[in-house]
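These protein sequence lines are chains A and B, in that order. For what it's worth, my numbering labels the leading residue of the first sequence as 1, then goes sequentially. For what it's worth, my numbering labels the leading residue of the second sequence as 1, then goes sequentially.
Among these hints, one or two may not hold up.
[Stated by the list, open to error] Which stretches of chain A does chain B cover? Using the computed rule of at least three CB atoms under 8 Å from a CB of chain B, they are:
#	stretch
1	87–94
2	241–248
3	253–262
4	289–302
5	388–396
6	426–437
[As the list claims (entries may be wrong)] Using 25 Å as the maximum straight-line C-alpha spacing, the simulated DMTMM-like pairs for lysine to aspartate or glutamate come out as follows:
#	chain 1	residue 1	chain 2	residue 2
7	A	K389	B	D125
8	B	K44	B	D56
9	A	K446	B	E122
10	A	K446	B	D118
11	A	K381	B	D51
12	B	K114	B	D125
13	B	K69	A	D132
14	A	K188	B	E79
15	B	K69	B	D56
16	A	K381	B	D118
17	A	K443	B	D56
18	A	K446	B	D19
19	B	K69	A	D184
20	B	K69	B	D51
21	A	K381	B	D86
22	B	K69	A	D135
23	A	K446	B	D125
24	A	K188	B	D56
25	B	K114	A	D184
26	A	K443	B	D86
27	B	K44	B	D19
28	B	K44	B	D86
29	A	K443	B	D125
30	A	K389	B	D51
31	B	K69	B	E79
32	A	K443	B	E122
33	A	K188	B	D19
[Said to hold, decoys possible] Anything over 12 Å on all C-beta distances counts as not near chain B; from chain A, calculated:
#	residue
34	F104
35	G129
36	F130
37	K136
38	Y151
39	F176
40	A177
Rather than coming from a laboratory, the hints here were simulated on the basis of the structure. Everything numeric in this text was worked out from a predicted model, so none of it was measured. Note that beta-carbon positions come from the ideal geometry of N, C-alpha and C, so glycine has one too.
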Amino acid sequence: MTQYTAVHGEKVSLLRVLGPGHVWALGVGIVLVGEYMGWNFAVGKGGALAALIACWAAGMLYTCVAMIDSEVTSTVAAAGGQYAQAKHIVGPLMAFNVGLFLVFAYTMLEAANAITLGYLVQTVGGMAGFADTHDKPFIVLTIMFLAFLNYRGVYATLTFNLVITAIAFVAILILFAAVSPWTDNVLKPHELLNGLPYGWLGVLAAMHFGMWYYLGIEGTTQAAEEVRSPARALPLGTMTGIITLLIAATMTWYICSGLMPWEYLGQAVTPLFDAARLTGSTPLMVLLFVGTIFSTLASANGCINDASRAWFSMGRDRYLPQVFGAVHPKYRTPFRSIVFLVPVALVFAYFAPLDQVITFSILSGLLEYTFMAFNVLMFRKMWPLGTIKRGYVHPFHPLPAFVLLALCATTYFAVFLGYGTQLVAMMVFYIIASVWFAGHRYKFVKRGAQFTMPWPRPVGH
Amino acid sequence: MAKTPYQPPQQSKFGQFVDSLFLLVLVLAALFLPVYFGLAGGGKTTLNLPDASWADLGQNATMAQQWEKLGYTPQTAHELIATRFDYSFSLPALLITAFVVIAYFWLVFRWSAKEYKDVIAERFDR
């Protein structure tokens with residue numbers, strides 16, 4: 001199936017050039033930065049042990065997400081990922097909301113990456129004797145450079161991501177080996193772990209930032225129109241991605257909680273780099289500096305890719321102004337969507353504190369995962385197994401959907417503990433946007449064109 | 001009976017510009033106003049701890065050693081150690097928040113189902 005741009009009707013489509021490795025790099029590339037920064041705020045909310053429990057509980061949440069997503073995406077292989085799924089399974093207003101969830105989860109994550117990169121350059125500049133180094137120019141440069149790279153082409157962008165993601169992952173493996181976790185020469189978990197300072201309520205609260213270990217893995221689906229074999233590459237790339245992240249997350253926790261007091265770890269901006277500093281090894285510090293920079297770049301790069309695809313898809317379907325549905329005639333990228341989202345990322349990266357930017361991203365992700373649980377239940381009911389060709393069928397249905405819903409409910413409560421105002425503010429935003437779509441924007445949407453898959457009529461409709 | 005496909009109006013360039021601007025303002029306002037007015041962020045409290053020594057701050061010898069490697073003294077680490085989240089909350093606030101989230105999903109699913117009927121009718125009843 002070839003999709004065309006909505007603006008002039010010219011036959012310009014996205015290029016099908018990506019393999020499973022690129023899908024893995026897109027998913028892990030976006031998320032691996034979660035090991036380099038942000039996850040440790042879970043330590044601040046509940047202590048180190050609570051963060052480990054949250055790491056595994058969130059791992060279960062994302063395993064459910066990956067299982068569900070692999071089935072639906074390998075069947076609804078269209079740009080926009082979950083947005084395209086909502087269009088075919090639930091309806092236009094839900095699709096519009098899901099599109100917004102995706103855009104804001106990724107754009108805020110991109111802003112968080114730029115903040116971390118700027119902070120790290122400032123810190124290392126100070127350590128190297130450049131006390132006047134300022135983070136803001138690096139924040140702006142990062143966002144502008146990566147937006148330019150995305151503007152120029154998807155293949156070069158994701159190949160770049162594949163290389164730097166692999167380097168960032170290897171850096172964690174090397175640090176893990178270097179601290180000799182099988183001895184207590186470097187790591188001192190027995191002397192640094194202090195139980196649960198907030199009790200079991202802290203464990204619940206830690207789920208909020210526990211999601212940060214994995215947030216964005218579902219972004220693999222955004223490349224659905226640009227992979228050569230969606231039915232094979234999307235499940236393979238997504239499932240290997242979540243396995244990679246589970247391993248990296250557990251190693252990261254073990255290294256950091258064995259090196260830092262929890263009060264410091266819970267507020268650190270660059271915990272893995274700090275872990276390298278505490279080993280006293282200059283090569284490790286350089287390696288983790290490079291790893292942190294690469295992971296933030298890979299993540300921001302993937303976020304721009306995913307957010308712009310979701311925005312582009314909504315423009316192409318006229319859920320948003322049609323101008324955003326254009327593909328660049330030469331570079332074959334959604335260039336207007338890429339450019340439009342740059343100021344949003346810049347404003348947040350420049351002015352907002354890191355934990356709050358991360359919270360905005362997490363909240364959008366959480367709303368998206370809640371949708372995914374309902375979505376897969378409806379999908380199986382409307383097109384039972386055997387009625388349409390699926391690239392992958394996830395096992396134990398409907399258990400993953402119910403586990404996902406239960407974990408999402410827990411995480412809403414975790415966000416409420418400490419960040420309730422932001423939760424309500426986000427809901428107000430989505431309600432206003434929904435009213436705007438239903439009352440104004442929907443009149444520009446071609447009804448029948450929302451369903452493009454060659455499937456039979458859904459059961460019950 | 002075949003249903004006549006809905007023909008949406010063509011939106012002018014000015015209309016598209018206004019919609020784009022509205023979205024940009026809505027995004028920035030809704031996401032940034034809580035930060036600007038200081039409503040966002042975790043509810044925090046401060047423990048009453050003296051900062052004369054690491055022991056006063058509840059830090060053992062290993063912890064103290066790591067703090068010092070990171071460039072901290074008991075005085076500079078005091079704020080980091082003494083600041084804690086305040087997890088006290090009111091039940092009505094929790095119930096209202098839960099209601100807002102559930103009502104949002106319920107309304108979006110209901111309204112989407114209504115729109116989806118038109119989509120399916122146009123796609124399959126031709």
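We went through each hint and held it up to the structure:
For the stretch 87–94 of chain A, the proposed coverage by chain B is satisfied: 5 residues have a C-beta within less than 8 Å of a C-beta in that chain, meeting the threshold of three. Using a Cβ-Cβ cut-off of 8 Å, 0 residues of the stretch 241–248 of chain A lie near chain B, which falls short of the minimum of three, so the contact claim is violated. As drawn, the stretch 253–262 of chain A meets chain B at 3 residues by the rule of a beta-carbon pair under 8 Å; at three or more, the given contact holds. Given a C-beta distance limit of less than 8 Å, the hint that chain B covers the stretch 289–302 of chain A is violated, as 0 residues qualify and 3 are needed.
Residue count for the stretch 388–396 of chain A with a Cβ under 8 Å from a Cβ of chain B: 0. That is fewer than the three needed, and the coverage hint is violated. Only residues whose beta carbon comes within less than 8 Å of a beta carbon in chain B count, and the stretch 426–437 of chain A has 10; three or more means the coverage holds. Using a Cα cut-off of 25 Å, the hinted pair K389 (chain A) and D125 (chain B) holds, with the two alpha carbons roughly 23 Å apart. The suggested pairing of K44 (chain B) with D56 (chain B) holds, with an alpha-carbon distance near 21 Å, which does not exceed 25 Å.
Of the pairs offered as hints, the one joining K446 (chain A) and E122 (chain B) holds, with about 10 Å between alpha carbons and a cut-off of 25 Å not exceeded. With a C-alpha separation of about 10 Å, the suggested pairing of K446 (chain A) with D118 (chain B) holds against the 25 Å cut-off. Distance restraint check for K381 (chain A) and D51 (chain B): the Cα-Cα separation of roughly 62 Å exceeds the 25 Å cut-off, and the hinted pair is therefore not satisfied. For the suggested pair K114 (chain B) and D125 (chain B), the alpha carbons sit about 16 Å apart, so the restraint of at most 25 Å is met.
The suggested pairing of K69 (chain B) with D132 (chain A) holds, with an alpha-carbon distance near 23 Å, which does not exceed 25 Å. Note on K188 (chain A) and E79 (chain B): the hinted pairing holds, with a Cα-Cα distance of about 24 Å set against a maximum of 25 Å. Distance hint between K69 (chain B) and D56 (chain B) is fulfilled; the C-alpha atoms sit about 19 Å from each other, no more than 25 Å. Distance restraint check for K381 (chain A) and D118 (chain B): the Cα-Cα separation of roughly 20 Å lies within the 25 Å cut-off, and the hinted pair is therefore satisfied.
Simply put, K443 (chain A) and D56 (chain B) have alpha-carbon atoms about 66 Å apart, too far for the 25 Å limit, and the pair is violated. The suggested pairing of K446 (chain A) with D19 (chain B) holds, with an alpha-carbon distance near 18 Å, which does not exceed 25 Å. For the suggested pair K69 (chain B) and D184 (chain A), the alpha carbons sit about 18 Å apart, so the restraint of at most 25 Å is met. Between the alpha carbons of K69 (chain B) and D51 (chain B) the distance comes to roughly 18 Å, so the proposed pair stays at or under 25 Å and holds.
The hinted pair formed by K381 (chain A) and D86 (chain B) fails the criterion: a straight-line CA distance of about 44 Å is larger than 25 Å. With a CA separation close to 24 Å, the supplied pair K69 (chain B) and D135 (chain A) stays within the 25 Å bound. Annotation: proposed proximity of K446 (chain A) to D125 (chain B) holds, straight-line Cα distance about 15 Å (limit 25 Å). A hinted pair counts as satisfied when its Cα atoms are at most 25 Å apart, and K188 (chain A) with D56 (chain B) qualifies at roughly 21 Å.
Only pairs whose Cα atoms come within 25 Å are accepted, and K114 (chain B) paired with D184 (chain A) is rejected, the gap being roughly 62 Å. This hinted pair does not check out: K443 (chain A) and D86 (chain B) have alpha carbons roughly 47 Å apart, beyond 25 Å. For the hint pairing K44 (chain B) with D19 (chain B), the CA-to-CA distance comes to about 39 Å; that exceeds 25 Å, so the pair is violated. With a C-alpha separation of about 5 Å, the suggested pair K44 (chain B) and D86 (chain B) falls inside the 25 Å cut-off, and the hint holds.
Distance check on the hinted pair: K443 (chain A) and D125 (chain B) sit about 21 Å apart at the alpha-carbon level, within 25 Å; holds. Proximity of K389 (chain A) to D51 (chain B) is assessed by CA-CA distance (about 66 Å); at most 25 Å being required, the pair is judged violated. A distance of roughly 18 Å separates the Cα atoms of K69 (chain B) and E79 (chain B); the hinted pair therefore holds under the 25 Å criterion. With a C-alpha separation of about 15 Å, the suggested pair K443 (chain A) and E122 (chain B) falls inside the 25 Å cut-off, and the hint holds.
Between K188 (chain A) and D19 (chain B) the alpha-carbon distance is near 56 Å, which puts this suggested pair outside the 25 Å criterion. Under the 12 Å C-beta cut-off, the non-interface status given to F104 (chain A) relative to chain B is violated; the minimum distance is some 7 Å. The claim that G129 (chain A) is not at the interface with chain B holds, since no C-beta of that chain comes within 12 Å of its own (minimum 15 Å). No Cβ of chain B approaches the Cβ of F130 (chain A) within 12 Å, the least distance being about 17 Å, so the stated non-interface status holds.
For K136 (chain A), the condition that its CB be more than 12 Å from all CB atoms of chain B holds, with the nearest at approximately 17 Å. With a least beta-carbon separation of about 18 Å from chain B, Y151 (chain A) lies farther than 12 Å from that chain, consistent with its non-interface assignment. Residue placement check: F176 (chain A) keeps its beta carbon more than 12 Å from all beta carbons of chain B (closest about 18 Å). With a closest Cβ-Cβ approach of about 21 Å to chain B, A177 (chain A) is found to remain outside the 12 Å limit, as its non-interface label requires.
This entry does not satisfy hints 2, 4, 5, 11, 17, 21, 25, 26, 27, 30, 33, 34, going by the numbered hints stated previously.
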